[in-house]
Every structure is written in C-alpha cells, then in structure tokens.
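**Q** The primary structure of each chain is shown beneath.
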Amino acid sequence: MVRKKGSAAALLAVGAMLLAACSSNSATGPAASSTAAAPGSQAGSATAAAASGKLEVFSWWTSGSENAALQALFKATNAANPNVDIVNAAVAGGAGTNAQQVLATRLSAHDIPTTWQTHAGGALGDYVKQGVVTDLSSLYAANGWAKVMPKSLLDSLTYDGKIYAVPTGPERNSVIWWNKALLAQAGVTLGDSVSWTQFEAAANALKAKGITPLCLGDQDVWTAATLLEGMLVGELGADEWNGLLSGKAKWSDPKVIAVVNHFDEALGWANTDHKSLDWTGAVADLANGKCAINVMGDWAYGELVVKNKKVDGTDFGYSFLGDPSTFITVTDVFVVGKGTKNPDAGLAWAKAIMQPDTEIAFSQAKGSVPPRTDTPVTALGTYQQEAAKTFASGTLVPSLIQGQANIAASIGQAFSDGVTLLEGNSDAAKFGASMDAAVAAGASG
Amino acid sequence: MATNTLTLTLGAVRPSRRRRRYRIPAPALLLAPSFLIVSVFVYVFIAYTIGVSLSKDWRPAKPNFAITSPWYKNYHSLAASPRFQADVRNTVILTVVFVVGSVVVGFLLAVLVHNALYAKGFFRGVFLLPYALSFIVTGVVWRWLFNPITGVNLLLRSSGISTAYQHLTGHPLQPGWATSPTVVGDVSGLLNKVLPGSHFIQAQLGIPIALLAVALAAGWQLTGFAMAMFLAGLTAVPSEVREAAMMDGASGRRYYLSVVVPMLRPITVTTAVILTYVSLKMFDLVFAMAGSGIGFATDTPGIYVYETMFKALRPDLASAASIVMLVLVCVIVVPYLARHSRRQESE
Amino acid sequence: MTATVTSPDTVVRPADKRPRDPSMSGRGWRRWQMVLLIILVIAFALPFYVIVSAAFKTPLHASVSTLWHLPNPVSLEGIREAWARLVPNFLTSVLVVVPAVVISCLIGAFNGFLVSKYTFRFSNLMFALMLVGMFIPYQSILIPMVRFLDLVGLYGTIPGLVLVHVVYGIPITTLIFRNYYVSVPKALVEAATVDGAGIVRIFRSIVLPISLPGFVVAGIFQFTNIWNDFLFGVVVIPNPAKQPITVALYNLSGTQSVNWNVMMAGALIAAIPTVAAYLGLGRYFVQGLTAGAVK
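Those protein sequence lines, which keep their order, are chains H, V and B. Numbering-wise (the working numbering), the first sequence opens with residue 1 and increments by one. Numbering-wise (the working numbering), the second sequence opens with residue 1 and increments by one. Numbering-wise (the working numbering), the third sequence opens with residue 1 and increments by one.
Just so you know, not all the hints are guaranteed correct.
[Unchecked claim] Derived DSSO-like pairs: lysine-lysine, alpha-carbon spacing no greater than 30 Å straight-line: (1) Lys54(H) - Lys56(V); (2) Lys281(V) - Lys62(V); (3) Lys56(V) - Lys193(V); (4) Lys193(V) - Lys129(H); (5) Lys62(V) - Lys162(H); (6) Lys242(B) - Lys281(V); (7) Lys209(H) - Lys54(H); (8) Lys56(V) - Lys129(H).
FYI, nobody ran anything at the bench for these hints, they're computed from the structure.
So here's chain H without its partners, still in its complex pose (with noise of 0.2 Å):
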C-alpha cells in the first residue's frame, strides 16, 4: 500500500520535470550526442567512401507507382553504397499530411530520420528556421549540380544562399487530359495551348452533344484547386502569378476575379457525383469515355497509361491552358536529417538519388522528368521527353496548391479553403479578399 504513495510521488516529480524541461528551451536529446552537425560532415567530396549504416528514409511513397519510384532510389543507394542498410519509415495517408504528423512528433522527441521526403517550399523553409537539417551547400559545389539544374528549380530549395535538399523527379500541374474519340464526337480541336474561350466553346459543344465537359473528382478539394491553378497560370501568366505568390498582385485585381468566375463557370460542367470521387476515379472515367476533360498533374499519365491502359493519341490526348511553356512544377525533394545518428548515409543517400541512372530510374517508375538537364532522356517515354525539354528550356512557376512556392504553408492552406468555400457560395470577391489577408499573414509571419 506504501508503493501507492511512491507512485503518486513519483508522478509528480515526473509532471514537474516535464513542465521544467517545457519551459527551458534546450534541444537535447539522445540523438543529440552523436556526431552532430560537425563541419566534417557537411564536406561530402565527390569520392568519398561508400558509407555504411542504418539509413532511415522517411516518406509519404507507401503503395503502387511511387513505391516503385522509392525501391528504384532505395537500389541506387544501395548499389554505390552496399554496407548501407536501409530502413523504409514510409507513413500513408492524407496526401502527405499523415507523414508530417509523424515527423512533427518525431522531431520534438529528437528521433530525427536520416532523410526525409518534403517539397520544396514552404515546408522545407520550416525545417531549416528549426535546424533540423544539414546545409548541402557544398555537396552541390564539389558535383557541380548548380549547374545542371534549372535556376528557378534551385531557388526553391535555397534558404539564406544556403541549398538544403535534393530534388527527385519534378512533375508538372494542371495539364489538360482529353477523350478523343468525344471530343471527335462534339467536332472539338484542342491544340498545343487552350485559352479560356476554346475552353469555354468546347464544353459547350460537348454539352449540345450530351457529353459531360469536365472530369472531376474532388473528394480532396485539390483536385478542383489544381483546376483552378491551371487556369490562373493559363490566363494571367507567369510573373502575374509569381506575383499573386509574393503579394506583389494582389488577388482582388478585377482580372483575378474574373478568371476566378471563369473557374466557378467551369465547375458547373463537371460530373454530378464530382465531390465523392478522387482523383484516379475522374482519370478512370475519362479513360471510360463518360467525360470528356480532366485538368490534373501528369501523374494522370501513369494512371491512363499503366492503370487503364489507354494509349497516348489513340485514345486520349493533351494541351496545356495558356502558354504551353509555362511549367507548373511539382517536385519531391528529399532533405538530410542534422543532428541523426549517420550523416554519411544521409550524404551518401543524396549523392546517389542525383545520379543521372537514378533520375532515369525513378523517372520511369513514377511518370516524372530527371531535375537535371544533362539527363539523357532518349529511355523515358514520348510525353516524358516533351515534358523534359520543356522543363530545361520553359518558363518554370512553383505550384500553390502543392505547396512548392518559397512561402509560408499557411497560404497554400488559404488556397485549398478558399476553394472550399468558393465551391459552396460562389463569392469570388470573397476568395480574393482571403487570399489577400493570408499571403499578408504569411509574409509577416
């Protein structure tokens, strides 16, 4: 019966060293006292031994396609580096969201994985102002990769002039899938580049004719942001929307609204049951001929062509809104954990994934095009290649719905509600207005 009193002792003694341990802000941890951030570590020579080790690669890649695309990483990492063992801390779910809910927790305890998926963006700007990851600057001096990489691609994973993470393989946004034979059926012709009149005529030609215009499946509101993405990038053009990210435009701009009004028009030709599908069952239905459009990343590609096996040009083709150059990217960047138990294997991880076989490799799995532009890309596919020049040689813009832009996550999150709302009371002044205030906060914060 005494033991009853010790313990309630000792939890309260326990209770007041967790409020003493709160209040100091101190990061000590068990991962702590390892070989830290050493100024070795960040040396990373272009010949460096091949490292050995645990190697803990923390990502949201779970199942099909992309888990492909992370095995043909897994094996290029462990071609070059054989006594590395690597551990697969995949977490599924919420798009990404489930896998940041973990590494949150992780992160506050210490157990800081040795590499980690994130995108370029605001998310990686978060780990840097936390000091969870390891500057990669000089990885990139001694390989030379500043070089063959797209400026504005290496922008995106700057902080402070300093690099921080590796990208895998960019994919870009919005691209416009279309049903051929319907859109034979309305006597439609969508070229190279749409603009918000094509787009308009063909859905009403589609409509006289009984076909439903658009695939949609917004069960995930980013499917329907992503729409409207398209057509903000489409109409108004790079640098307005590089500016609308900045807050140099403002979104209230009565030439905003309008292509938000145009977004709110083209949600009416969307299929009925649009809110209880996901993305793969619009991509499903456009291969099925039971709509005629899908405005979705090129990862519909893969879908279309591997999933439900349609042939590129013989039964579904695609354009792009506005100026086909205009490259709205997505890309997964892999960052090294500071402070882990085996920096080597992280630096060796990076290494690996920036080779050009990899890129191949990976790019093959998942649909993507190599971040290097000194990749060959005579093995990838047809669309592949064309994404890829487009890439070297276009205009690149960061997607918001995705959350590659170089500013605060909570605007992206503003975008997505925005959606939400817009979905629901069509108000457009509304949208603009909260855009306006969010990028304001985001800036400030």
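Fit chains V and B to the supplied structure of chain H, relying on the hints for placement.
**A** Positioned in the frame of chain H, the structure of chains V and B alone reads:
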C-alpha cells in the same frame, strides 16, 4: 497518521481510531494514482497546448513559448474564420443528431433483439459487427454508398422507389447525401436581427444535409454498441418488475415507456456520454468519407486541427482551436455531469 | 468474511426460457417485430456486402462505379496481399491491446467502485476532472505526449503505447463502472466494512465477482478503441515494423492510387480479432447477473 489510513485497507481496525486521525480518506488515496497520471496526460498537456496557442514562433524541434502580441491573436483569428465557425456548428449538429439517433435506434434494436424468439445471437452479431471495423474503412464504404450516381441512389433507381417518389413530388429521389451543398434552415438572417454585430458569423447557421449523411454512417457503426449497452440493461430488469407489470395488465408500450425507460436511465446517460466522446473524437470516418465537404459542410475541428497543424504549419492556431473546443465541451458537459451525479447520490 | 448475495436473478437462465415481457405474447406483434428486424438486418448488412465483394475483386473491378457487382472474376489477390502486409503487425497489436484492456478495465472498475461507493469530499470533482479533460482533440497534445514519453524513456516502445492507452482509457472505464456500480446497494458495502473488511478486500471479494456486465461493456469498448486506434499507434511507435495492425491497414492506401480490393480485404482481416472478442464476451449478455436484485 498516514499509517492509520493505510491500515484501513489491510484489515480489521478499531473503529474509534479510524475517525480520530482521519486526514486523507483512504478512498482518495486509492484514487490518487489514476487521478494523477490522468491529470498529467490531460492537464499538463493541455497547459502545454495553451502555451503553444499563445506563442508566435513555436515549432516542434524548437519549442519557443514567447507570447505573440496581442496574446489573443490566434483566438481572434479563429472567431473570424469561416471554417472554424462552420466547424463549431458542425460539431453541435453532428453530435446531437448522432447521439440522439444512436441512442434511440440502439434502444429499439435492443428491445427487438431482447424479445426475438430465436437467433438472438445472430441478430446481436449483425448489429454489433460494424463496430468492429476500422473507422477509415467505414468512411470509404459509405463514401461509395453515398456516391450520387453509383451508390445507394442506383438501388433507388433500379428498385423503382425513385420514380415512385417522382410521381409524388415531381423530382426523382436521388439525394446528394454527403456531396450535398444544401444547408437547411439557415437562421443567420434571423440572428442578425436579434444579435447586432453577428454578421461576423460567415458560416450558414443551418443543418447541412451532408452532415446528416455522415451522422448516418457513424450511426451505422456505433448503434450496435448502444444496443449492447441497452441489452445489458434489459436483461438486468428484475423478474418481479416484469411479473408485476404483466399482472397489472400493462400493454407493451406502457411497460416500456413507464417502467423500462426510467430504469435504464443510468445506462442511457453512460451511453450518451460515451457516444458524445466518440463523436467529438471522430476524425478518420469523416475524413475518409467526405473530407471537409463543399463549403465546409462536413468539416470537423479534428480535421481543422490536423490540417492547420501539419499542412498549414500553424501549430499555434491549431492549439488555439483545440483549447476552444475543450472549453466549449467543458461548458456543456460539466454542469450536466455535476447535476446528474448530485441527483444520483440523492436517490 | 464476505456478505453473500442471494436472489432469484443470480440464477443463470438461458435467454430463451425467460418469461416474456408483457404483451409480447400476441402473434401479430411478434411477426411485426420479426419483419422489422429482418429489414434492419438487411440495411445493416448492405455495407458489409460491399466490403466483402470488393475484397474478392481484381484491382480495377474494385471501384466505386462497380460497387454492387458481384466479383467477376473472383480473385484472392487482395486477400493474399493484405494478409502478407498486415500479419507482421498482428503480434504488436495483441501485445498492446491485451494488457491495455485488462489494466484499464481493472483500474476503471476499482475507480468506479471508489467513486460510487465512497463519497469523500472531492470525489465528484476528481471524477469530473478526470472525465472532462479527455475531450480534447488528441492531435494537439501529440507533441507534449511524445516529449513526455521520451522523457521517461518509453518513446517508441510497446509499453509506452500501452501506457498511453491505459491512461486515456481510465476516464471512460471509470465512467462505465461507476454508473454500473450505482445500482449496487450501499448496504452491501457497509455491511462488509462493519465486519472489518478493507476497501481492497471488499472490492476483490464482493464487488468484482458481480461486475461481469461492466467488464463486458468496458472490455468491448476498450478492445475496439485500442485495436482500431491509428493516431497513437503511428506516433508513439515510429518504426513501421513495430506498429500496430491498424497503422499497417492505413498504409495499404497509398497517397495517389489505392488498390481497393487490398484495402477492403485488409479491413476484414484486421477486424477478425475484434469480432472474436465480441463473440467471446457476447456470451455473457444472456446471463442476468446483476446486483440490483438484492432484497
């Protein structure tokens, strides 16, 4: 001193000693360990969360509790946020509809199963089985079932019910279920007249139809549990009470309404509290089934906290939302519990 | 010395032989009841049809547009893959759930007994405080919780997860048992106290034996709650190999493309132990054991 209160638990002790040195009652000491550890896991953590909600630059790996200015900034943002306003509305409606529905249907099922002539185990099993499923699966299945084209609506069409309805009302019976953007009974206009300045409430103050669909799915999963609780209660009704009612010639309905229901009140209360707890914690089901819905018709504070903390990377705002929800729950639940427990003691 | 409880109702009667409730003897009523029951059974079973049929379909066929169709062709591929991916985590779930349920139910029973039978000055306040705090959304206390577990060295361990489930289960199990024990007459306890029995002895010898329905309800609730938990499982144990089965189930859904046949098959597999627990505990529903029958 302390030893006297402790020897109480060990064995026989002279009564007089017990009363004189009675400082901390033994039951309190025995309850203390649970109370303390729950307090740590609840109140210490809540204190931490309050700290985060007042901070301006707190991050998981760099906990900085410096206070933002003004200190109530996050709470103010919440009050003005149309999404959070919709969340509060949704929580109230979902909890009420779900709890009341599950309790009523659960009781009905319990009565039916209790009086079934045969295969009671089978019936019990069928109704309780949904409870065994993971919430995410329930969410996905009901999202499929509520698909306006291929789900339950397809059954309504092919069975002719939809066309029959069309003869009556002119519209086919093809509800939007969880995809419906309709909000029934929006009283925001009225509220504006009564409470000046309430125009800052941007969310529609009505009942979103989509939320009713969510309540239906959640009810499917949890009604079996309510049924199980009531079944336990029904089997515990003493035989004398039953026989007395039969002798008095009470009809079935009279018997249930006037005798059984009052007798089952403690179980009803427990069930209602547990279902309220489940409803407030419901995340995976809503997230998998409908997400935030059109115009945040099915958004819940849980989803809001999740996205705000881990997607928008605003732990301060998310923590403020959690505290607000906790306060709201306290304000409603605590007085009820206090009143109810006092009433129980007087019985 | 223990007080004995005697009453006609402590005799276990098989459910079917118990006297019928009043006016449940008319044939019309009975038929109407059975019809209603059958309709409700069909309504409740409908989603199960969707799940089971999807589990046996091929990936392309298992989709929302064909949810009512029977599997054609029938494929065991979903079950095979789900089994392979879920079974490794089965043991972890068992190691977490069994101790957590047993401990939290025992503690809840003891606490419920204390709070309902011994009204000391702050008993209601302590009880209310324990109950109310658990309503906070767990997403927001994840980080302090993880820091605490890290502090006591339980982060990433199964005992740590058990601790979390036990602690967050105590308020509810206490509530369930408290409301159940309210119907146990205080006289029973007082008689034993006068005889010199201590609190723990009274609990062990008198109260515990008649607590079966309480344990059934609390057991069902806790087992389901903890077995189906995702949040704590994924956060307290970051190592995927050591995570509970529900986390593995969620991981069956990729971020981009989901094979629904695997997911549905996984859902059925993951539900098997819970169903087994219900079957095991459900037997006790037919027994009319209750303390409310003491004369």
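**Q** Does the alpha-carbon distance linking Lys193(V) and Lys129(H) stay inside the 30 Å limit?
**A** violated, 48 Å
**Q** Holds or violated: Lys242(B) and Lys281(V), Cα atoms, limit 30 Å.
**A** Roughly 25 Å separates the two Cα atoms, so the pair holds.
**Q** Would you check the hint for Lys209(H) and Lys54(H), treating anything up to 30 Å between C-alpha atoms as holding?
**A** Between Lys209(H) and Lys54(H) the Cα gap is close to 60 Å, so the pair fails against 30 Å, i.e. violated.
**Q** Is the hinted pair Lys54(H) and Lys56(V) satisfied, with a Cα-Cα distance of at most 30 Å?
**A** violated, 37 Å
**Q** Do the alpha carbons of Lys56(V) and Lys129(H) lie within 30 Å of each other, as the hint requires?
**A** holds, 14 Å
**Q** Is it true that the CA of Lys281(V) sits at most 30 Å from the CA of Lys62(V)?
**A** holds, 28 Å
**Q** Given the hinted pair Lys56(V) and Lys193(V), is their alpha-carbon gap at most 30 Å?
**A** Roughly 37 Å separates the two Cα atoms, so the pair is violated.
**Q** Between Lys62(V) and Lys162(H), does the CA-CA distance stay at or below 30 Å?
**A** holds, 20 Å
Of the numbered hints listed earlier, those contradicted by the structure are 1, 3, 4, 7.
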